[in-house]
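*Asks:* Keeping their order, the protein sequence lines are chains A and B. Residues in the first sequence are numbered consecutively from 1, following the working numbering. Residues in the second sequence are numbered consecutively from 1, following the working numbering.
A few of these clues could be false.
To be verified - Computed footprint of chain A on chain B; a stretch qualifies when at least three of its residues, placed anywhere within it, have a C-beta under 8 Å from a C-beta of chain A:
hint	segment
1	53 to 60
2	167 to 173
3	182 to 189
4	235 to 244
5	248 to 260
6	381 to 388
Hints listed in this document are in silico derivations from the structure and should not be mistaken for laboratory results. Ideal Cβ placement from N, Cα and C applies to all residues, glycine included.
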Amino acid sequence: MISDQAKKEIDIWVAKYPTGRQSSAVMEALKIVQAENGGSLTNDLIKAVADYLDMPRINAQEVATFYENYNHKPVGKHVIRFCHNISCMLNGADDLISYLETKLGVKTGEARKDGLVSVKKVECLGACVGAPMCQIGDKYFENLTEQRIDEILDGLK
Amino acid sequence: MNKVCFKNINKDNPSSLATYEASGGYKVWRKILKGELSQGKILDELKTSGLRGRGGAGFPTGLKWSFMPRNQEGQKYVVCNSDEGEPGTCKDRDILRFNPHAVIEGMAIAGYVMKASVGYNYIRGEFMEPYYRFEEALNEAYGAGLLGEDINDSKITFNLYTHLGAGAYICGEETALLESIEGKKGQPRFKPPFPANVGLYGKPTTINNTESFASVPDILAKGGQWFADLGVPNSGGCKLFSVTGHVNNPANFEIPMGTPFSDLLEMAGGLREGRKLKAVIPGGSSTPVLPAKAALKMNMDYDSIDKAGSMLGAGSVIIMDDTTCMVKALTRLAHFYYDESCGQCTPCREGTGWIYRVLKRIMDGHGKNEDLDLLLSVQDKIIGNTICALGDAAAMPVESFIRHFRKEFEHYIKNGESMVAKDG
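Put together the whole structure using the sequences plus the hints.
*Replies:* Printed below as a string of structure tokens:
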């Protein structure tokens with residue numbers, strides 16, 4: 001269920017914690033298998049992570065459903081996480097999110113039919129001086145405008 | 001400006017070990033490794049400096065460190081809280097990106113003072129660029145022999161690791177953060193016992209904010225008094241302020257405590273053409289909102305902001321001009337707390353939902369005359385009745401928004417639309 005490569009990556013995290021505390025690595029382990037599975041988790045994957053880390057399955061399930069960064073249904077290849085909290089809102093985030101939805105033909109919370117992209121409204125991402133902003137993959141895109149969004153979307157393949 | 005955490009921000013490669021050392025970095029740590037600086041002396045300097053926790057609570061750092069039972073046998077931990085997520089706050093991100101070695105040195109010094117040989121820096125999961133920068137800096141520090149086991153035969157061991165979050169505001173609460181490192185849901189622990197006695201993995205642990213740790217090396221290099229004198233009584237030093245919202249130049253500014261708010265507003269380029277200041281949230285979304293008049297009288301230090309009717313918090317100054325609909329602004333904040341409540345305590349879990357739904361109904365044009373009293377009653381039932389401060393943080397904006405801008409709320413309820421012509 002978990003590839004050798006993923007196991008290697010998980011082991012790097014396990015090594016950071018004291019012996020017997022390998023369940024500390026569950027958050028990263030879930031992210032690693034999620035990435036390998038195209039961006040979302042399944043119950044079987046969560047169980048596999050729990051078994052690999054020798055922790056109760058229910059605890060892994062709790063973590064997978066408590067934190068926001070885990071997806072439980074398929075997402076687009078690129079997930080655009082758009083901040084709509086106060087500093088972004090004051091700088092026009094709502095209009096930009098509508099623009100993005102219209103342009104992509106997709107509602108927030110959904111993946112586009114071709115599977116290329118999905119849009120998610122998220123809470124503060126901690127880059128308020130660059131509001132409005134969004135995150136795609138590891139990267140932050142700040143000081144967004146309609147024109148800048150067009151450029152970013154053109155770059156998504 | 002830019003005297004401590006940001007002192008290298010305009011240099012080439014500000015995050016590199018070479019840049020950090022060229023500006024005096026790791027001098028204090030090297031002195032410690034040579035046995036030339038005692039734990040007691042460090043605690044004295046920290047107390048003199050007046051450094052208070054930069055994450056929002058403002059607890060004196062020197063005092064916090066002195067609570068650790070440092071001579072107790074067994075493992076102890078130092079934890080850095082880089083789970084920055086309070087709306088309006090984005091200073092720690094820049095410290096991690098541009099001055100990661102100051103965080104590493106600050107944490108190593110803390111480890112020495114409290115005899116903790118292991119540290120974790122908890123970085124929020126979305127901060128991947130800061131995480132990579134911090135990891136790069138960690139590698140440099142290990143490579144230069146500044147971290148590890150029995151460093152330079154000093155008998156001092158300090159190993160530092162990064163832990164990444166996965167999207168949960170509540171993990172910025174220190175005991176939720178510890179739960180999260182342990183691989184659990186981030187639900188705050190009941191206190192006492194406090195982390196200094198029963199912390200990470202049940203061991204004595206001290207948790208400080210990124211900016212607090214990053215301020216420590218310079219305080220010790222230049223003296224506690226030097227730092228204290230940068231600020232004003234009871235608010236020592238300088239501090240990072242994130243100025244966001246309706247200003248021309250939103251940015252982080254490291255300025256002396258006690259700087260007039262109006263000066264900070266000017267640094268941020270002032271308000272946009274033709275706009276007037278309406279309201280300011282001075283310390284991040286959890287702190288009470290102030291009307292322009294009160295904000296313009298305050299200085300950026302703990303006591304002055306307290307006197308103005310709010311809190312310095314994490315120094316996250318959210319500027320709202322006269323185009324802002326206060327009902328919409330509060331509804332946004334209410335949604336945030338509703339979304340981020342961990343669900344453990346009933347008053348917060350249920351109360352944040354009530355507050356959001358009532359505000360949403362006002363925004364949808366279905367507000368009732370009794371809704372404002374209902375909102376005030378719900379927030380009053382949350383305050384002081386929850387394990388952690390998220391409940392209070394969710395409640396306080398409600399009371400202050402309604403108190404200062406009641407007419408706007410009444411107008412929205414009566415007319416089903418905003419009193420402000422253009423919002424957002």
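*Asks:* Tell me whether the statement that chain A covers the segment 381 to 388 of chain B is true, taking a Cβ distance below 8 Å and needing three residues at minimum.
*Replies:* violated (count 0)
*Asks:* Examine the segment 248 to 260 of chain B: at least three residues should have C-beta closer than 8 Å to a C-beta of chain A.
*Replies:* Satisfied; 3 residues make the cut.
*Asks:* Do at least three Cβ atoms from the segment 167 to 173 of chain B come closer than 8 Å to Cβ atoms of chain A?
*Replies:* holds (count 3)
*Asks:* Are 3 or more residues of the segment 53 to 60 of chain B near chain A, judged by a Cβ distance of less than 8 Å?
*Replies:* Per the Cβ count (0), the hint is violated.
*Asks:* Between the segment 235 to 244 of chain B and chain A, see if three or more residues pass the 8 Å beta-carbon test, and mark the coverage as holds or violated.
*Replies:* With 3 residues close enough to chain A, the hint holds.
*Asks:* Would you check chain A against the segment 182 to 189 of chain B, counting CB to CB pairs closer than 8 Å, and say if three or more residues qualify?
*Replies:* holds (count 5)
The structure does not agree with the numbered hints 1 and 6 stated previously, though it agrees with the rest.
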